[in-house]
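A.B. asks: Build out the structure end to end from the sequences listed, making use of the hints.
Okay, here's what each chain looks like letter by letter:
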Amino acid sequence: MALSGHGTSFIFDESWFPTEGQFNMIPMLVGSLLVTFGSLLLALPLGIFSSLFASFYCSPRIKTFYRRAIELYTGIPSVIFGLWGLMKLVPIINQIQPPGQSLLAGTLILALMIFPIIALSLISSFEMASKNHFKVSESLGLKKSTYIWFILLPNLKGQILGATILSFGRAIGETMAVLMVCGNIVKIPSSMFEPIRTLTANIALEMAYAMGTHRSALFLSGLLLLSMIGVLLLLSDFLKKRFAWKA
Amino acid sequence: MEGLTKSISWIVGLALIAMLFYILGDIILVSAKHFSLNFLLDSPFSGGRKGGIYPIIISTLLILAVSLLVVIPIGLASSLYLAEFAEQNSKGIIVIRKSIEVLSAVPSIVFGLFGNAIFSLYLGMGFSILSGGLTLAIMALPLFITTVEKGFRSVPSNYRLAAFSLGMSRFTMIKSVVIPYALPAIFVGIVLSVGRALAETAALIFTSGYVDRMPESLFDSGRSLSIHIYDLTMNVPGGDINAYKTSLVLIVLILATNTLINTILKSWYKKRIAL
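Residue numbers (the working numbering), protein chains in the order written: chain B, 1 to 247; chain D, 1001 to 1275.
Simulated from the structure, these hints should not be mistaken for lab results. Ideal Cβ placement from N, Cα and C applies to all residues, glycine included. Take the hints with a grain of salt, since some may be wrong.
Stated by the list, open to error - Here are the simulated PhoX-like cross-link-like pairs (lysine-lysine), alpha carbons at most 20 Å apart as the crow flies:
#, chain 1, residue 1, chain 2, residue 2
1, B, Lys143, D, Lys1150
2, D, Lys1006, D, Lys1150
3, B, Lys144, B, Lys157
4, B, Lys144, D, Lys1006
5, B, Lys63, D, Lys1006
Said to hold, decoys possible - Here are the in silico distance ranges between beta carbons for each label pair:
#, chain 1, residue 1, chain 2, residue 2, range
6, D, Phe1021, B, Gly230, 35 to 41 Å
7, B, Ser59, D, Arg1170, 49 to 55 Å
8, B, Gln97, D, Asn1089, 55 to 61 Å
9, B, Ser139, D, Ala1256, 43 to 49 Å
10, D, Val1252, B, Ile188, 37 to 43 Å
11, D, Ile1094, B, Ser139, 44 to 50 Å
12, D, Ala1032, B, Phe238, 49 to 55 Å
13, B, Arg61, D, Ser1043, 44 to 50 Å
14, D, Ile1241, B, Phe238, 46 to 52 Å
15, B, Glu71, D, Thr1172, 36 to 42 Å
16, D, Ile1241, B, Thr74, 24 to 30 Å
17, D, Asn1038, B, Thr213, 46 to 52 Å
18, B, Ser59, D, Asn1262, 17 to 23 Å
To be verified - To spell it out: a stretch of chain D is covered by chain B in this simulated footprint if at least three of its residues, at any positions, have a beta carbon under 8 Å from a beta carbon of chain B; those stretches are:
#, region
19, 1145-1157
20, 1182-1189
C.D. replies: Here it is, written out as structure tokens:
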């Protein structure tokens, strides 16, 4: 269905003007990738530091509480993140530089949505990591941070990568939150403050009235998303094998 | 370096907690100011700006019911097959497992496209609660199957052997040993599917539709809570107060399901230790 009546127009057309039969998806693909990579860039340090906080730097009591709080983040539906982003975050960005609904807003919201995946997976792998290494490094007089940065995290490269891939998949497939805060203008952005439209948001916006070729163009973008997820899963399988073999 | 790592960790930790309280607090405070019981019992009017969400709650529950009615039998059967009957290392089973894994990673909007093409158009259900529920069922199935299969696998093989040595048939063994033992896992699977279905928006826009009237049958279009929030914030100027209130209802529902999971898991582990 997706591929009927297309050829290569979805790359070589001038732009995305569905009413005039032009279906260039590149701006939206770029938008999707930008917002995804941006949010990963933010979520990775957030995830790593918050898992360090939970596992090494706070009391066990706070740790239980903190873990529940992060799990709560994963429980909040994306449409509520979108609502909050639109009501609170977008006006703040708008004060810095209009229009507010922008790549930046999408990146921030997505980062908040995906960091829990990284944090939770790291907290549980810290728990499973060998306690001996920690004891030995302590008895050698190494500082906690030396142990963390030079022994623990390098050992967990596989897990970190795996969690990153998982959150990449979540971020690129996310629809509602980015639809609500990104502004949805089909254009390759030239700064963080410009609005973008992602592939998923495009489907959600235009599916309601799409007919004929337009409709199959939307299905094609769905197929594109699906194949990206497929590639990610293959990648994570490959990594699993590689790192399991190493350990 | 030690000091730096420690202080950044604390800052990130505290900031994220503060953020969570900000998001939840914002929703709770704004909606508490305007909340009344009538909100749950009235119909929405003037595009949802005024009135309540009663028909929307009913539609949401109907969509949930449809998807659970599909998920539970199909999910139970397939997880039982995967755990008890399937030859573990055969090619076919590996393919099935991989497909389940892929399905659980597919973005929800793609499920929405699929549901729109198959249920709404090809099978002629149109925008209806039925097609929305079925789409959600397909979305929730992978999660349900993996959870329940784990439960079936956690049954100690001693139990199975003992059951066989008592001369039980395979059917009796599954009925009176495996399923009772895995009951908590089945329950957790159901609750997880409910949580996933409640939070879903993107898959429902083109399957269950937008209509905010009281649904008269399963073939009517019905708006779920999440779509109501989306529509009020994006398409209805001045709908934000009611969007906040609906968010509160949705969050409370989701938190309730999450708490339910935690309590079940806790009592389950206690029981296991007692065994």
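A.B. asks: Decide, hint by hint, whether the structure agrees.
C.D. replies: Status of each hint after checking the structure:
{"no.": "1", "hint": "B/Lys143 with D/Lys1150", "in the structure": "40 Å, violated"}
{"no.": "2", "hint": "D/Lys1006 with D/Lys1150", "in the structure": "38 Å, violated"}
{"no.": "3", "hint": "B/Lys144 with B/Lys157", "in the structure": "18 Å, holds"}
{"no.": "4", "hint": "B/Lys144 with D/Lys1006", "in the structure": "9 Å, holds"}
{"no.": "5", "hint": "B/Lys63 with D/Lys1006", "in the structure": "15 Å, holds"}
{"no.": "6", "hint": "D/Phe1021 with B/Gly230: 35 to 41 Å", "in the structure": "38 Å, holds"}
{"no.": "7", "hint": "B/Ser59 with D/Arg1170: 49 to 55 Å", "in the structure": "51 Å, holds"}
{"no.": "8", "hint": "B/Gln97 with D/Asn1089: 55 to 61 Å", "in the structure": "58 Å, holds"}
{"no.": "9", "hint": "B/Ser139 with D/Ala1256: 43 to 49 Å", "in the structure": "48 Å, holds"}
{"no.": "10", "hint": "D/Val1252 with B/Ile188: 37 to 43 Å", "in the structure": "41 Å, holds"}
{"no.": "11", "hint": "D/Ile1094 with B/Ser139: 44 to 50 Å", "in the structure": "46 Å, holds"}
{"no.": "12", "hint": "D/Ala1032 with B/Phe238: 49 to 55 Å", "in the structure": "50 Å, holds"}
{"no.": "13", "hint": "B/Arg61 with D/Ser1043: 44 to 50 Å", "in the structure": "47 Å, holds"}
{"no.": "14", "hint": "D/Ile1241 with B/Phe238: 46 to 52 Å", "in the structure": "50 Å, holds"}
{"no.": "15", "hint": "B/Glu71 with D/Thr1172: 36 to 42 Å", "in the structure": "39 Å, holds"}
{"no.": "16", "hint": "D/Ile1241 with B/Thr74: 24 to 30 Å", "in the structure": "27 Å, holds"}
{"no.": "17", "hint": "D/Asn1038 with B/Thr213: 46 to 52 Å", "in the structure": "48 Å, holds"}
{"no.": "18", "hint": "B/Ser59 with D/Asn1262: 17 to 23 Å", "in the structure": "21 Å, holds"}
{"no.": "19", "hint": "1145-1157", "in the structure": "violated (count 0)"}
{"no.": "20", "hint": "1182-1189", "in the structure": "violated (count 0)"}
The structure does not agree with the numbered hints 1, 2, 19, 20 stated previously, though it agrees with the rest.
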